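> If you want the building blocks of each chain, they are given just below.
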Amino acid sequence: MHMDQDQVIVCTDLTKRFGSFIAVNKITFDVKKGEIFGFLGANGAGKTTAMRILCGLSFPTAGEALVAGFDVYKQQELIKKNIGYMSQKFSLYENLTIMENIEFFGGVYGLSRKEIKERGNNLLVKLGLQQEAKKMVGELPLGWKQKLAFSVAIFHQPAIVFLDEPTGGVDPVTRRQFWDMIYEAAASGITVFVTTHYMDEAEYCHRISMMVDGKIEALDSPANLKEKYQAASMDEVFYQLARGAKRGEG
Amino acid sequence: MKQLLVFIRKEFYHVFRDRRTLLIMFGLPIVQIVLFGFALSSEVKNIRLVVADYAKDQESRELIQKVMTSEYLIVEQVNADYGQLADAFRKGEVKGALIIPANFGADWVHLDRAPLQLITDGSDPNISKTIVQYLTAIITDFQQQRIATSGPLIPIQTQIRMLYNEEQNGSLNFIPGVMALILMIVCTALTSVSIVKEKEMGTMEVLLVSPFKPVWVLVAKAIPYLILSLVNFTLILVLSVTVLDIQIRGSILLLYFESTLFIITCLSLGLLISNVTHSQQTALLISLMGMMLPTLIFTGFLMPLENMPKVFQIIAHIIPSRWYYIIIKSVMLKGLGLQYVWKETLVLIAMSSILLMVALKNFKVRL
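As you go down the protein sequences, you meet chains A and B in turn.
Letter by letter, the first sequence follows residues 0 to 249 in numbering that gives the first Met the number 0.
Letter by letter, the second sequence follows residues 0 to 366 in numbering that gives the first Met the number 0.
Rather than coming from a laboratory, the hints here were simulated on the basis of the structure.
These numbers come from a predicted model, not from an experiment.
One should not assume that every hint holds.
[What the hints assert, rightly or not] Heads up, simulated DSS-like pairs for lysine-lysine below, C-alpha to C-alpha not over 25 Å straight-line:
1. B:Lys9 to A:Lys113
2. A:Lys25 to A:Lys73
3. B:Lys333 to B:Lys1
4. B:Lys212 to A:Lys113
5. B:Lys9 to A:Lys146
6. A:Lys245 to A:Lys25
7. B:Lys55 to B:Lys65
8. A:Lys80 to B:Lys9
9. B:Lys360 to A:Lys80
10. A:Lys144 to B:Lys196
11. A:Lys214 to A:Lys245
12. A:Lys80 to B:Lys342
13. A:Lys88 to B:Lys212
14. B:Lys360 to A:Lys73
15. A:Lys133 to B:Lys342
16. A:Lys144 to B:Lys198
17. A:Lys214 to A:Lys31
18. A:Lys146 to B:Lys198
19. B:Lys1 to A:Lys113
20. B:Lys9 to A:Lys144
21. A:Lys113 to A:Lys80
22. A:Lys134 to B:Lys196
23. A:Lys225 to A:Lys245
24. B:Lys9 to A:Lys88
25. A:Lys146 to A:Lys125
26. A:Lys134 to A:Lys88
Bound conformation, chain B alone (with noise of 0.2 Å):
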């Protein structure tokens, strides 16, 4: 027992000795936090739309009102004919032109018909996609105003609610995948680095012909990378919570134990990994390459799974991440409880033991 602890503490120093691992271990989880909250934001805000109203009416303007509103557009009135706006277009300076014909106002009132015509840049399908969809709401609920001003009353009024995320966060879907990379990235790599560099240098070989047990060598190696990964962990929701406005609904007791779990699996893995290399680069290689894509991939934090083809799906159960995000998502932001995931929960018990046992008894004895 005690010495294990002097190796624990050993293992304390290299970590805090060593500038990349304390770059990987503390800085990643910022910079990750910081480019998924705020950069990859998937809603598109601030979008330029310009408006060349040749109508110059009442009902025009009152429509022009009313698309300034939209808080997701940047609205600019312009006096342009067609082919300066197509120029505008070709540059890329704007993104979506709305067009009132002359006589609109006329038509409106006399015709009960009046023409609009929304141009948007098809090269960028998402943005044109939302702010059609952003515009046709505006100019339906402008209708529906002018019609119940003047006309019968609409009887059916749609009312959305996104549930559990009625602000429409962007990033509260992120965090999760994000917690889930991070623990990923930092216990899969930097433990099985840190057995294969003993190797590298040597001190693997001192290490096993010691009284010191091999087995306790892979534990005394975990057991800081789990207490440096638990402090990791608070760290990401500290942020989540400060940075990022995410509210944590469930237990966090439930959200630590799980993640406790997570994290042994991933341990299990990096010493798994370890114990198949022999030069750090082949294990970083391995743990970055083989680990991070795949939970990109298939968490399904990034491109919903349901999407994916068969194959994949049937693949992404095999990833402890997938199983780890659909926990943390359902107790951080559902505020479920363990009678919701436990099912998720053994999964991970399997999967950490399993791979816990194969690395044990794959950990050889050699010179």
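One chain only, chain A, in its complex shape (with noise of 0.2 Å):
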């Protein structure tokens, strides 16, 4: 399987089968070095079956894929290393200060006490969190949380970041600025693989898949999706997308 120079995923025929149920259908796609792309399609249509296989939490049935140059059969260990996660649930540590799971997370990494040292002051400092170090992660409002669990995702520097469903539960305000870190996050080169229930969200994307019922039925720009499907919003054409999916919830 080969990879361009600008590519950091690579997926061909990929295929997830449960006993007679196929959960994700021989999807096809790629993911630029940089990109912000956006993984929709309703519950169940196998978003996070497919999810799970990129982040080396689980084999493919068949297919190939490729994640930071490293293949999802055989090299698991090498891409959890070059991979950062954020998912809808909170994820950091209520009961350890700021600074203590950044420590945390950083040594989980495998990063030396003096990046971490380094890493977290310059991190702070540009939350604006310096005087909040020593304070526990419960007591910080939620929007800072959310911020701060995405800063540890790729404090380590990781070639990709995953969020599922990142935004959950956070106010508009929040979102957006929860939107500038992303973009700052990928002009550093970071691929953000997304995804989200919400349509304005979608539009942040450089390019965005659909997925119903297993199988990639649209991939492009927001821009040439609307267009294509004649919509005004991309709610429209999530819509027009998934009505005809089969699969119910779960």
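Both chains are sitting in their own frames, so use the hints and assemble them into the complex.
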């Protein structure tokens, strides 16, 4: 399997079967370096299953995929080292301070104490949280927690960061600020692979893939998709595509 | 290795910052020791016994004198008739009454037959039996003394010794049981809850996606609780020796070895529970109800296993704490060495290896 210089994820006919149920049905796509890639689909479309394979948590049944240059069959450990992950559930430890969380996750990714200290201090300055460094994360407002969680997810400077519905339950202003951070990360060369149910967020992505019943039904930039489906917004595009879905919830 | 240390440090932060965990961890042993050591003593002390003496002669006075020397009874002499006594029993003011009829001394000397009446509150069978036993012993003794001073010697005198527990210290039996109970609760409940908590909070996902190996997550969770449990065990030992006056007869090293083994068994159980549950409440409920009750019932420190139906005795074999209890009793109280408890030790080793293997195998790498 071949991967171009500017590609970070390449999938060819990636398939995952659970018994007779085909969760992911021969999906083929690629993600470019520094791209913000929106991975959309209704619940049960197979997004999570595909994402688990790309994160090195499960093996595909058939097809091929390279993530950050590593094979999803044979090099799961190397994939894990080169990606970051943040889920919709808030994923920092509430009864650890901000700095302790940074130290812990930095340590888990094998950064040296010196690196953690340097980057950690820079991060606190950037987020304007120097005063709060010794505060328990549980005491921070949700918006701050979310931003911190994202910063921690890219703390080890991964090639790709996977964001699984990262802005669930956050107000529109914080969401906007959160997307500023995503843009900044992408500009620094980190590829962003994001799933979301908010269609206004889908508009922020460079390219979008739309999954319906385990297959990718559409893949293009938001502008092209709107033109193709003659829709005024991504909302409409999503509705037109997802309407044909036969699978329900779960 | 460095990653593991980072993880273990984080676990210690969690424990020391959570007041509830700390309370369960270190409050529980203190409360249990005090409770089982003092309050739940199975021997009966300080029973109130009234004596109604209608004879008021030399013999009756000597008998009363003898009864009064017993340290288990609080003897009170009253001038009461049957009606008043019956009333006192009904109100629960007395648990036992000894009635010496008139002519007690005269009957003793002339008839060789002196009746006495002992009434006890049968609604409290335990205390009743104890009073009857105490008084029978005292009266027999009194009788023998009287005969010895006046007539032939009584040839047989029984001397009773309670081996390993000459002072009849009631808390002796409880301590190994309490140890098993506390270690069981602390290790199983706290480990399972701490893992399930990560699942609930969503941090487990992040850990699974990180390069940190899933199996090491379990190891990193288990090590802090192993260390804390050993500290806990030391606390129980110190409390037993200082507060409850218990002598440790066997090797301390062996005690620690066996306890570490038992702790590992409990930790594996905790890991297993955390694998099959998804909420902290369920994990806690299973560990408390599922572990505490069998420990209390099947270990044999509250109720003797020998008296249970055969089925229960068979079930008891699969309860780890039962084996640990036997080991600790033998080593700590009887001073026996490994050559006497190797079978039980092997059972514990087998149990912990099986549990650990099942737990590791079932640990799901799941988002």
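> Would you mind marking each hint as holding or not holding in the structure?
Tested hints:
1. B:Lys9 to A:Lys113: holds (19 Å)
2. A:Lys25 to A:Lys73: It holds: about 20 Å lies between the C-alpha atoms, which stays within 25 Å.
3. B:Lys333 to B:Lys1: Status violated; Cα separation ~44 Å.
4. B:Lys212 to A:Lys113: It holds: about 24 Å lies between the C-alpha atoms, which stays within 25 Å.
5. B:Lys9 to A:Lys146: holds (22 Å)
6. A:Lys245 to A:Lys25: holds (17 Å)
7. B:Lys55 to B:Lys65: holds (15 Å)
8. A:Lys80 to B:Lys9: holds (21 Å)
9. B:Lys360 to A:Lys80: This hinted pair holds, its Cα atoms lying about 24 Å apart.
10. A:Lys144 to B:Lys196: With a Cα-Cα distance of about 18 Å, the restraint between A:Lys144 and B:Lys196 holds, given a limit of 25 Å.
11. A:Lys214 to A:Lys245: Within the cut-off at roughly 12 Å; holds.
12. A:Lys80 to B:Lys342: violated (46 Å)
13. A:Lys88 to B:Lys212: Roughly 21 Å separates the two Cα atoms, so the pair holds.
14. B:Lys360 to A:Lys73: Distance of about 21 Å is within 25 Å: holds.
15. A:Lys133 to B:Lys342: With Cα atoms ~52 Å apart, A:Lys133 and B:Lys342 exceed 25 Å; violated.
16. A:Lys144 to B:Lys198: Distance of about 18 Å is within 25 Å: holds.
17. A:Lys214 to A:Lys31: holds (20 Å)
18. A:Lys146 to B:Lys198: Within the cut-off at roughly 21 Å; holds.
19. B:Lys1 to A:Lys113: holds (14 Å)
20. B:Lys9 to A:Lys144: Since the Cα atoms of B:Lys9 and A:Lys144 sit roughly 19 Å apart, the hinted pair holds (cutoff 25 Å).
21. A:Lys113 to A:Lys80: Holds, at about 19 Å.
22. A:Lys134 to B:Lys196: holds (21 Å)
23. A:Lys225 to A:Lys245: holds (23 Å)
24. B:Lys9 to A:Lys88: holds (20 Å)
25. A:Lys146 to A:Lys125: holds (11 Å)
26. A:Lys134 to A:Lys88: Distance of about 21 Å is within 25 Å: holds.
Hint check: violations occur at hints 3, 12, 15; the rest are consistent with the structure.
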